[in-house]
Amino acid sequence: MSRLKYLLPISLILFALVATIALSKDPPAAPKTTVGEFALKVLNGADYESPSHKPMTAEQAVDILKKAGLKLKGSVNDPLAEGDKSAYALAVASGLLDRLSLPPEGFEACAGLPSVPQCHACCQGLAGATNKSCGKACGQDHANQQHASGSEPTP
426 MSRLKYLLPI
436 SLILFALVAT
446 IALSKDPPAA
456 PKTTVGEFAL
466 KVLNGADYES
476 PSHKPMTAEQ
486 AVDILKKAGL
496 KLKGSVNDPL
506 AEGDKSAYAL
516 AVASGLLDRL
526 SLPPEGFEAC
536 AGLPSVPQCH
546 ACCQGLAGAT
556 NKSCGKACGQ
566 DHANQQHASG
576 SEPTP
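In case it helps, our numbering puts the sequence shown at residues 426 to 580.
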């Protein structure tokens with residue numbers, strides 16, 4: 426009889442432990458990252474410098490990534506799909522981050538100048554120009570000018 430006296434309390438304690446463990450198996454779902462939050466994280470991680478030097482909105486961040494070639498599905502407030510994460514990884518592998526520094530508005534006036542310093546000085550005078558965007562745009566423009574055409578003899 427003395428053993429039966431302990432069986433009921435021990436059984437209740439074991440039942441309570443099993444019930445607690447069973448209920449805690451499914452942790453609360455983490456909040457989903459939205460397309461806009463993801464775009465902001467990407468641009469902040471890439472040290473993207475906004476031409477206006479103002480904090481960027483999620484809508485602006487998504488537009489910049491789309492202009493750079495990243496195909497994001499859904500609107501700014503939609504949850505980020507796994508396919509979007511895969512598309513981002515593929516885009517980074519193919520040079521997405523290099524395309525994020527777009528030349529400032531009106532850069533066409535500076536393109537084609539004979540040297541990078543001349544191009545850079547011209548570019549710095551444009552509205553919304555940054556040192557980074559001008560340096561990248563002028564360097565790329567000058568590199569494009571240096572390619573020999575098919576009709577030129579090679580040394």
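Calculated directly from the structure, the hints in this document are not laboratory data.
No residue lacks a Cβ here, since even glycine has one placed at the ideal position from N, Cα and C.
Incorrect hints may appear among the rest.
[Unchecked claim] Quick list of in silico lysine-lysine cross-link-like pairs, BS3-like style, CA-CA up to 25 Å:
| no. | residue 1 | residue 2 |
| --- | --- | --- |
| 1 | Lys466 | Lys479 |
| 2 | Lys557 | Lys466 |
| 3 | Lys466 | Lys498 |
| 4 | Lys466 | Lys496 |
| 5 | Lys496 | Lys457 |
| 6 | Lys496 | Lys510 |
| 7 | Lys430 | Lys457 |
| 8 | Lys492 | Lys557 |
| 9 | Lys510 | Lys492 |
| 10 | Lys430 | Lys466 |
| 11 | Lys498 | Lys457 |
| 12 | Lys498 | Lys510 |
| 13 | Lys479 | Lys492 |
| 14 | Lys492 | Lys561 |
| 15 | Lys557 | Lys491 |
| 16 | Lys430 | Lys491 |
| 17 | Lys430 | Lys510 |
| 18 | Lys430 | Lys492 |
| 19 | Lys496 | Lys561 |
| 20 | Lys466 | Lys491 |
| 21 | Lys457 | Lys510 |
| 22 | Lys491 | Lys479 |
| 23 | Lys557 | Lys479 |
| 24 | Lys510 | Lys466 |
| 25 | Lys491 | Lys457 |
[Said to hold, decoys possible] Ranges of calculated distance between the beta carbons of each label pair, as one might list FRET restraints:
| no. | residue 1 | residue 2 | range |
| --- | --- | --- | --- |
| 26 | Phe440 | Lys496 | 49 to 55 Å |
| 27 | Gln549 | Lys492 | 20 to 26 Å |
| 28 | Ile446 | Asn556 | 57 to 63 Å |
Practice task
Starting from the hint list further up, note which numbers the structure goes against and sort them upward.
Solution key: Failing hints, ascending: 7, 10, 16, 17 and 18.
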